[in-house]
Each structure stands twice: as C-alpha cells, then as structure tokens.
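**Student:** Protein sequences, first through last, are from chains A and Y.
Number 337 marks the last residue of the first sequence (my numbering); no jumps.
Number 1346 marks the last residue of the second sequence (my numbering); no jumps.
Check before you lean on any hint, since a few could be wrong.
[Said to hold, decoys possible] Derived BS3-like pairs: lysine-lysine, alpha-carbon spacing no greater than 25 angstroms straight-line:
#: 1; chain 1: A; residue 1: LYS226; chain 2: A; residue 2: LYS138
#: 2; chain 1: A; residue 1: LYS136; chain 2: Y; residue 2: LYS1236
#: 3; chain 1: Y; residue 1: LYS1236; chain 2: A; residue 2: LYS138
#: 4; chain 1: Y; residue 1: LYS1097; chain 2: A; residue 2: LYS168
#: 5; chain 1: Y; residue 1: LYS1195; chain 2: Y; residue 2: LYS1259
#: 6; chain 1: Y; residue 1: LYS1282; chain 2: Y; residue 2: LYS1259
No wet-lab data here; the hints were simulated from the structure.
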Amino acid sequence: MTEMGGLSGQFEEAVIKNAAPDSREGMSSAMRRNLSSPWASAFVIIVTILWTVPTFGLLVTSLRPSDVASDTGWWTAFVPPFNFTLDNYSQVISGGTTIPQGIAPYFVNSFVISIPAAIVPLVIALMAAYGLAWVKFKWSNGIFLLIFALQIVPIQMALLPLLTLFNKGWGPIPPVKQVFQSIPVIGNDLWPQGGVSFVPLWIAHTMFALPLAIFLLHNFIAMLPKDLFEAARVDGASHFLIFRTIVLPLSVPAIASFAIFQFLWVWNDLLVGLTFAGGTVDVAPITVYLANIKGTYGAQLHLVTAGAFIAIIVPLIVFFSLQRFFVRGLLAGSVKG
Amino acid sequence: MNASKAGELIVGIVLTVCGIALFVTATKVALAAGWVLFFFGVLLIIFYLGAKTRGKVQTGMARLVFLGPAIILLVVGLVVPAILTTWGSFLDANGKKFVGLANYSWTFTTPDNWVFLRNTALWIIITPIFSTALGFFLALLMDRMRRESLPKSLIFMPMAISFVGASIIWTLVYEYRDPSVDANQVGLLSALVMKLGWANPPNWLLWEPWNNFLLMIIMIWIQTGFALVVLSAAIKAIPMDVTEAAMLDGATGWKLLTKVTVPMIRGTLVVVLTTIAIGVLKVFDIVYTMTNGNFGTQVLANEMYAQSFVQFDKGRGSALAVVLFLAVTPLIVYNVTQLRKEQQIR
C-alpha cells in the first residue's frame, strides 16, 4: 500500500481492488445481494452507455463516406443501406484533396517526442531519488522538500522564459539553440540552422516531469530495506554499482507506472507542443495537428474524426492492455501540469 | 569485477558513438533513438569513472552525478522561469519598461476580462463538484454490483484520451444544423432534444452563457472516472466491522451513507475535489479547440495562452500565469495536507 506513498498509496489499493472486485472479505454474499437492486444496475448501465456513446460516435463517423457523414447523424449508419468506408483514413493519413497535409508525419513526431521525453526524465529522476534517499547529507531533506514544493509551479509560468532561453538566451547565457547548433558534426542535425528541432520539446518535457517523478520515485526508493544498501556498502560496492544492480531492478513497478503515465501525458499534451514545436510538420505532435485541422477543416467531420481516432488509439491500446500500471501511474500523476 | 567494469565503459562508449551516428543519419526516428542512446552512453561512462573513485571522493561524486542533472534542470526549467515570469508581470508588453501593477489591474478591472474570470470561477466550482458527486454515487452503486470492472473501465476510459481528442468527440455531440434549413441533424444532442419535442434547439456552442456548461460537460466526462476509481477504492477500504456494527444498530440506506460512509471517506472526497479543481484551473485545451474562447467561453488558462502567444503581450501573459499560480497554490497545499492527514490516520 505504501509502495509509492502519498495519493498513490490509495491508488495502489484501487488497482488491487479493481483487479479483484469480489475479494471483499467479511461481507456475506447474501448481504451483498440484499443491497443490490435492479435500479442501481440500471443506472450504472445507463451512465456507462452515456459515457461510451460519444467515443463510439467518433469511430462510426470516421468510417462513413463524406456525403452521408456531413448530412446525417452517425446513428443512421445502422439502417440499410450500410455505407461504410476506410477512405477517410487513407485520406487523412497521407493527405488528400480536402486536407493536403496528412497526419502520418505528426503521428511519427508524437512518438519521437514522447519516448525520449518519458525515458530521460525517468532516469534522471530515479538517480535524484536515490541520491536524496540513500546518499544523504545535510541538505538532502531540504532539497527533497523544495523539489516537492515545485509541483505548485504551473507549466504556464515557465513557458515564456523557457522560450526566451531557447531562442534568445538569458542575458549573458547564450541561447540553447546556438549551443546545440555549435556542436561539431551533429549540431546541424539536432537543431538545423533556421529550422525547428525536437530538442526544446525533449528538454521542456523533461524539466516539467521532474518534480512529480522525483517525488514518486523517492517515496518508493526510500521504502526499500536499509539492510540491502548497508550490506552492499560493506561489501565495497560503489553507489554507482548499487544504483545499477539494486535500485534499478527493484524499482521496476514504480518505473513502469511512471513511464506509462509520462508517455501518455506527453502524447496527449497540447500546450507544450504548441509553444515549443512552432506548429510545423517537422516536429509538431499529433495533438497540434488535430487542433489545426479542427480549426481549419472543422466541417469535414468524416476526416477530422478519422484523425482524432488515429490519435486516441495509442492511449486506448495502452489503457486496455496495461490497465494495472496505467491506473496506478495516471492517478498518481493526476495533479501534474 | 574489473572485467565487468571495463565492459561497462565499452558499452557506454559504443552507445554514445551509436547515438552520434544516429544523429547524423538525420531521420526523425534515428534522432530520437540517438538522443536516448547518447544519454545512456554518457551516463554509463560517468558511472564507470565514478565507480573508480573511493571513499569521500566517491560520495561527493555520487551526489554530483545523481543530484546534479535534476537540480540543474529544475533550476533552469522551473525556478528561474517562475521568478522571471513574476518579474515579467510587472513589465510592459515587450518586457522592457516597468509598469508596476498595471497588468494586474488590467486583469481585474477590464470589463471584457470579467467574462473569463466569471467562467473560471464557474468551471472551478461546478466541474469538481459534479464529477465527484457522480463518481461517488456510481462508486456506491458499483460497490454492490457483481460485475463492476467493465463499467468502471469504460467510465474511466476518457481519462486516457487527450483533451483535443475529447473535444473532437464532443464536437459530434454539439454539432448544429439549422432545423428550418436542414431536416437531418448530425449532432447527437440536437437530434435527441428534437426527438423529445424541442423543435428549435439553439446552436449549442454559440448559446451564451449555457455553452460554458456544455464545455464543462466534456471535463466532467473526463474526470468522473477518476473520482469513481479513487472513491470506489476508499469505500472498499472502510473496515467491514464498522459497517456491520452500524447495520446491527439499525442503520440502513441514507443513514448508513451519511453517518458512516461519508465521514469515513471525507478525506478522500476532499482530495478528489481539489485534484479535479487543480486540473480544471490549468486546462486550456478544451476551450482552445472548441471555441478558442469566443462566444463568452474564455477561461483564465486560455486567455494566458492568447495574451502570450497570439497577442504577444508578455506582461499580461505573465500576470495571468502568476494569477493562475496564486489560484492553484492554496488548492495544492490543502490537497497535500489532507493527504498527509489521511496517511497518518492509516
């Protein structure tokens, strides 16, 4: 229950109970049956249907030809003549006559942004969490509290100054852009001259992920048994060896939860994408593309819905296949941002 | 031991070189893979060098390597920007001239801005209360059901979807066709209310001030599952003997709920409410994609984005970010103290 501490402690429980809904002890099944009523079930079923229908409508609309989709409600698709097509998808993936720019490159961009933006902060946070929990010094607790407190800073507060740092620099500090461009051999690939780059997105997402990641992982790592570390130290293992051989393998559940949460957070993010990607096809994520086509081609419902479905299918696959980790991570991180 | 350490160094160098090689191939995927490999390579080399040191030097090195990157990133990414934004909120649109509290007085005294201030207040009150109440009610009902996993999953599912995706999903619900011109309705809501006898429904998203509530429904759709899952766990955590004792004393239904269940999970209820409120304050995606703040639907977070990146008024944008920060802070502090209390009780 205390696996990740804090709010997530409860969530741990939520996940376990969710996985085994009937594991409740003490209450006889007779009593349970007495309490349940058909009205309760009916209400739950109605809400469940209400909650699912809008998403279902999106899927159906995305499978209808443009003329019927723009003229009739999606629910009319279930009476003959059944009129379905995959044409919208082929149009929105590679671009067509209506929307010239397809979604495919943005889909790739979202992966290119999300995967490093989930892995790198995770490793940095895990290192910091170990350092704060097990390489203690006078200010360890103070630093941990400060990092914890940084969760109150909304991303909105960091956007303008960070943008300035990346493009113009802060006073004597040179622009990050220029620093990357001046790296020999790889500089121009990382941040093309006069072009856009994934680097600011990776850095910004890494920065914004750290307070929560360090907090959660610290809670987890601090709970690991003390004897483990003491024994390893007595055997002459360095902190670096301990980190790789003890901390890393033992933290896998916490790592998995946070990695999934962070991946989806970045995948679903619009604000950071809009601010740091500049909306170009080279680096902008899929959410920016969706917001754009929704604004420009909003009337082409059949295409916009197909695009939206492509964008949400990734989180939905993660959701249904990794629900255990997903719920734990998502709930633990629900105050982020 | 030595062989494995040397292996570490070799792996580190190989990863770094591979990373650099991938950068040069200049396809996007290679760039991402290169970034990750390069990061791990450099890390392994540093770890190799760090493990060579002994005693005090090693402890110092460990602190530097473990804490250094995180602290630098946090200072550069959050601490300094927060200070610069606060400072910027006292400067003019270009960040050149000191204007005192002008941006703040603009925020609160311009009649045009009262719309987004009012809307933000409405959002922050209605959305958390409604999501939490519905989630709580569902949790109570599901607690007594045999198959709760599927409905729970489906109601929780919107939390996995991006706000932009959710907006497009709900565009289909709110889509409007003038009934006098077009007999067929494409939007679900129009079709539904017309079936129920409302012959001439309004164009939903332009229908002030009710369009605000229609946008809030999207957020409620997303957050109810969160409330449901957390509160459901809290209800299940109530010790059986407490409920049984109350039932033996004759408590049933409403009484059991108000005298036992609600007091037992009060802390969790508060945490859910404040967590949703924090999310609501910061969310801008829904308003940005649905109406972009037009038709009287503007909220604080979207106004901040508009001032900063559309109007390019850095001063006002910064002031709005500070207002957001000040509004969120008490909620988070309260949220955290509640959590601490909860944990102590347990």
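**Student:** What are the numbers of the hints that this structure violates, sorted from low to high?
**Tutor:** Going through the list in order, the structure violates hints 2, 3, 5, 6 and respects the others.
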